[in-house]
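Trainee: Sequence:
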Amino acid sequence: MLNKVKFQFLSIKKICILITLTLGMIINANAQGITNTLGGNTADDKFIVENKDGTDGLVVTGEGNVGIGTTTPVTTLHVSGNDGLLIQGVYGDGVTQNLGAGTRLHFYPKKSAFRVGEIYGTEWDDANIGNYSTAMGLSTTASADFSIAMGSGSIASGWTSTAIGNHTTASGNESTAMGSTLIASGNNSTAMGYNTKAESHTSFVIGRANVGGGNATAWIDTDPIFEIGIGTNHLNTDNAMTVLKNGNVGIGTYQPQTKLHVNNKIRIGKDPTYSSVYGEISHTGGGNGFRINANANGSWADIHLQTDGTTRLFIESAGYVGIGTTSPTATLSVNGEANKPGGGSWAVFSDARSKENVEDYTKGLKELLQLRPVSFNYQEKFGWGDDTYVGLSAQEVEQIVPSMVNKIEINGIEDFRQVNPNELTFMLINAVKELKAENDILKALIESL
7 MLNKVKFQFL SIKKICILIT LTLGMIINAN AQGITNTLGG NTADDKFIVE
57 NKDGTDGLVV TGEGNVGIGT TTPVTTLHVS GNDGLLIQGV YGDGVTQNLG
107 AGTRLHFYPK KSAFRVGEIY GTEWDDANIG NYSTAMGLST TASADFSIAM
157 GSGSIASGWT STAIGNHTTA SGNESTAMGS TLIASGNNST AMGYNTKAES
207 HTSFVIGRAN VGGGNATAWI DTDPIFEIGI GTNHLNTDNA MTVLKNGNVG
257 IGTYQPQTKL HVNNKIRIGK DPTYSSVYGE ISHTGGGNGF RINANANGSW
307 ADIHLQTDGT TRLFIESAGY VGIGTTSPTA TLSVNGEANK PGGGSWAVFS
357 DARSKENVED YTKGLKELLQ LRPVSFNYQE KFGWGDDTYV GLSAQEVEQI
407 VPSMVNKIEI NGIEDFRQVN PNELTFMLIN AVKELKAEND ILKALIESL
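The opening residue of the sequence shown carries number 7 in this note's numbering; numbering runs sequentially from there.
No wet-lab data here; the hints were simulated from the structure. It is possible that some hints are incorrect.
[Stated by the list, open to error] Capping the alpha-carbon separation at 20 Å, the derived lysine-lysine pairs in PhoX-like fashion look like this:
1. K265 / K372
2. K251 / K369
3. K449 / K439
4. K372 / K442
5. K369 / K439
6. K265 / K251
As the structure is a computational prediction, the values presented were derived from the model and not from experiment.
Full structure from sequences and hints, please.
Mentor: Here is the structure:
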């Protein structure tokens, strides 16, 4: 049973306190304050200070727990209420705190700083507490003004810096470090991921074990502003991508020399549904040179080189090349004129050591006299231009020299005929010989008259 006894202690502010006592409590009042001793030996023994409306305001249990707003405190200090907890102080005032190692929650009005967690040394002593700083977790240090350190072993030593994670360091002014075992030492820099380093002023780094480097306090055009690290550790660093402050982008290189600098290959695919359909541009070294490759089947592997939206050079998947046409029918098909400045002719492989089945070619004057050269224009539907050309009709040539004509498929015409004029040169040679022989006979006849 509780007995209530009302004591009135007069002070300058004339405060009246109503104290409810458990039987067996001893109250002593003197110039130094009020001392009470609970005489009971159970958790139900309490020291209660009531509010002016008669409700319990502060409770001290027999176990030493203090409750404010609750009569059943379950911790050393248990506060319950809708108005929250307010702790006030004056910036710059107060005793210098050098408490060393320990586990604590610490608001430090002298520097308007906050600490909560555990430390093993002097991380939260006055010399390592920045003005308006916050440190939480295990062995965290926020030594610079306006800095924040959270996690385990994180250090925020740059002005207005933030270090979050496992042993992260933000030493650059206004820098941010988030992740594990990384550092943001450049002013205004950000490092994220694992074992990364943002060393360049205003740089941003993600990934793992990037190359880093650069000036920490000044803008240098050739320094990195963005890096994606793909290294394994601080001894084996590498970047998947590097962007320099001059705008150069490097993929596979951390020293790009142009706006886009790619080492090894570039692959362009249609979409994930067709994983085997792609184009590649590569220079793999080893004497292989520069390559452009279309990997697919049929027309999907054709290559078009265009200007102003029109194909100028076409390479068909089977290897045929068209210039001015997308329907080449030979190793090289040219729609239009081709020239060879300086004169001369095309060279052919003609070494006797490369030949077999050699026979005399006998066509000549007789066949030439039957051929009919004509001028003509191509029909519009073929798309070969509207110029006037001179040539032979394949069907007529086929009747005279069948070996000069072959059939191909063009525009859905399976037996489209084309003329190979190569034999004409050698017919002319034989024709000249024939005329020379006839001329020799005539000269001999004239001389005999």
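Trainee: Each hint should be assessed against the structure and marked as holding or not.
Mentor: How the hints compare with the structure:
1. K265 / K372: Measuring from Cα to Cα gives roughly 65 Å; hence the hint is violated.
2. K251 / K369: 72 Å, violated
3. K449 / K439: Holds: K449 and K439 sit about 15 Å apart, inside 20 Å.
4. K372 / K442: Within the cut-off at roughly 14 Å; holds.
5. K369 / K439: Roughly 11 Å between the alpha carbons, so the hint for K369 and K439 holds.
6. K265 / K251: 11 Å, holds
Going through the hint list in order, the structure does not satisfy hints 1 and 2.
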